[in-house]
Amino acid sequence: MSSYAFRTLLSALTALTFTAANADSITVTDVAGRQVSLDAPAERVILGEGRQIYLLGLLEPETPFTHVVGWREDFSQADPDNYARYLERFPDIEAIPTFGGFKDGTFDVEQAAALNPDVILMNIEAKAATEDAAYDDKLAELDIPIVYVDFREAPIAHTIPSMRIIGQLMGDEAAAEEFIAFAEEQMARVTDVIEDANPERPSVFIDRAGGYSDECCMSFGPGNFGEYVTLAGGSNIAEGIIPNSFGNLNPEQIIAANPEHVVVTGGNWGAYVPGGAWVGVGPGANMDHAREKLEALTERTAMTGIEAVDTGNFHAIWHQFYNSPYYFVAVQQLTKWLHPKLFVDLDPEATMRELHDRFLPIDYAPGYWISLNDD
Amino acid sequence: MTTDSTAMNSVSHGRAFYRTQVFRRQMILAALVIALFLSLCIDLALGPARYSLGEVVAALFTPEAVSQQARVILWEIRMPVALMALVVGASLSVAGAQMQTILSNPLASPFTLGISAGASFGAALGLAFGVAIIPAAIEYVVPINAFLMAMVTAFLIHALSLKRGVTVETIVLLGIAMVFIFNSLMALIQFFASQQAVAAVVFWTMGSLTKATWPKFWIALGVLAAVMPLLARHGWALTAMRLGDAKAESMGVNPRALRLEVLVLVSLLAAIAVAFVGTIGFIGLVGPHIARILLGEDQRFFLPGSALCGALILSVGSVISKIIIPGTIIPIGIITSLVGIPFFLFLVLNHKKASW
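For the protein sequence lines, the chains are A and B, in the order given.
Counting in my numbering, the first sequence runs from 1 upward without gaps.
Counting in my numbering, the second sequence runs from 1 upward without gaps.
One chain only, chain A, in its complex shape (with noise of 0.2 Å):
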């Protein structure tokens, strides 16, 4: 029997032994608005996205794994680098069982059934779907509760009340605020800054995943990284053009913007296209070649004579901060390369590696970030 296995069905049967007597009946409002009652701590936990480990592992940095029976195989697909270093810290997890997702319909409700599960976190963009085939009924019937937790559609509201839900959750309520009271003190730094010095707004061109595609340009509106731009003191030229999160701008329109500071979102997507023109930044990348990728990303058309170009303010940041709790940081490095003579204090990487010593459960690995500004 695997170690994996064993861990397992032990945890099962301590889940088995000391529910009873240690959990409370505890009633959460999750970021859906439904209300929940469930027993707490929970001991079996489905990852319905499987970059929720983001959060869990915030709150149990030395066994963030020990409640999963089972998650979403997103993560070492969309994140590789920290899957990599997950793996390497836990090897065991590669013998967690998968899912596919809710939201395209591959979500074997059987399986998790077969897992016993006491909570299923679900991404809220997967709830649609979920309640389409009516799977949040059949579970319940299970007496499986479904508890929708959110970092992407809307990072900044949803982060923090997802974490207390996971907090309340999994009985680590002091390890949710502690992490909490970071997150806004950070956030703080630079809003409280920008509130005060209420600065020129210098537009802003979210070149989102550029160079994956040869298509022009993929962007972000008012959302997500948009949300960033404009809380890090910037304007987002896409704004008020696409309506949603996501969108394309026709490439006339960056010329015509003629934006001060450009910022490509990028990973290593090398699985799905290799030797693509991506910038491959993230933990622990080659600065040499994500500096060379970037600097061929200005010589697409869209790119002739704007001032980004020019001046050099032409970034890129690693792409996952548009899902993952650690949008403050990204935040941080956003409103230092806009407002420069502003935060002449403020240290992202700091910031960056504080998060992974005090919480995370692997060690901080520079490399999220790169400019053609830097020296």
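Misleading hints may appear alongside valid ones.
[As the list claims (entries may be wrong)] Which residues of chain B face chain A? A partial, calculated answer using Cβ under 10 Å:
#: 1; residue: Q69
#: 2; residue: I73
#: 3; residue: T210
[Unchecked claim] To give an idea of the interface, some chain A residues facing chain B are shown, with a C-beta separation under 7 Å as derived from the structure:
#: 4; residue: I241
#: 5; residue: E252
#: 6; residue: A256
#: 7; residue: P274
#: 8; residue: T301
#: 9; residue: G305
These are calculated hints, taken from the structure and not from any lab test.
Computed from a prediction, not measured in an experiment: that's the story for all the values here.
We put the CB at the ideal spot given by N, CA and C, even for glycine.
Assemble chain B onto chain A, guided by the hints.
Below, chain B without anything else, positioned relative to chain A:
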């Protein structure tokens, strides 16, 4: 002597009728050319960077005299898109027209025969998994994949059609089978691909002219320019084909050989178009029908008419896709149907005699 003069009369009457008919059709072709030219001008003049008409004209004729930005916007962004719209529209429409002719089926188009679906599948392989069927520069992986799969589909259909007892109807059915096979394979790819890649595949299948670049335009134009004379050469034979294989054969046409040659040519046209701009569905079906309603079945008018109608629909679509939400471009595949269908319905419902 009276019978002779009546005969003379009816002959000259027929000749006069024929002459007016030809004249009318020439005028319609001329009107289409003018409409196309106007649409092209509007397409070049419109965009989020608001240049005055004077600046646009200056950038067109004296590009070295205007700012670098105006030059790039006009020559690198607007021009390839506007011209690509013409070439792709014409290619798809001609492909559809000749498929309808050789298969004697009003529903035939690059879509119905699975050629577009095959191309989409090839493109999706490249977009989702980075699979290159033959190694090439990264920016051409997707179009080359699309092209190869489209040609594979066409030859598969052709190979099957050479079997004994295969009729024109069977070919259409084979095409529809192809469509379903490739759609399933596409769904399978999307199922396994990342979210980011699925978005790229979906965007690709909607069809978008923003993929256009000068080299792609020249290739597409080159293929169109090479194929058109080859099709025109068979003009009379193709016109005869519409009377049915038996009658065509009695006029000295070899339907099987002609069908094969035309199938290869139009597959090439459709494959190139789909490979470069994604799937734009509606033109290959409706462009030829509009041309047929306006100009009739005679290939001398029907062939150029189809090309012009297709080009016009796509060019107008390109203009509209830019102005619905200024600053963004709605994928052209969505627009063409919305624009073309009302016009098409108007023609179909107002047309007195059955055109098919």
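Open item on the list: Hints numbered earlier in the text: which of these fail when held up against the supplied structure?
Closed with: none
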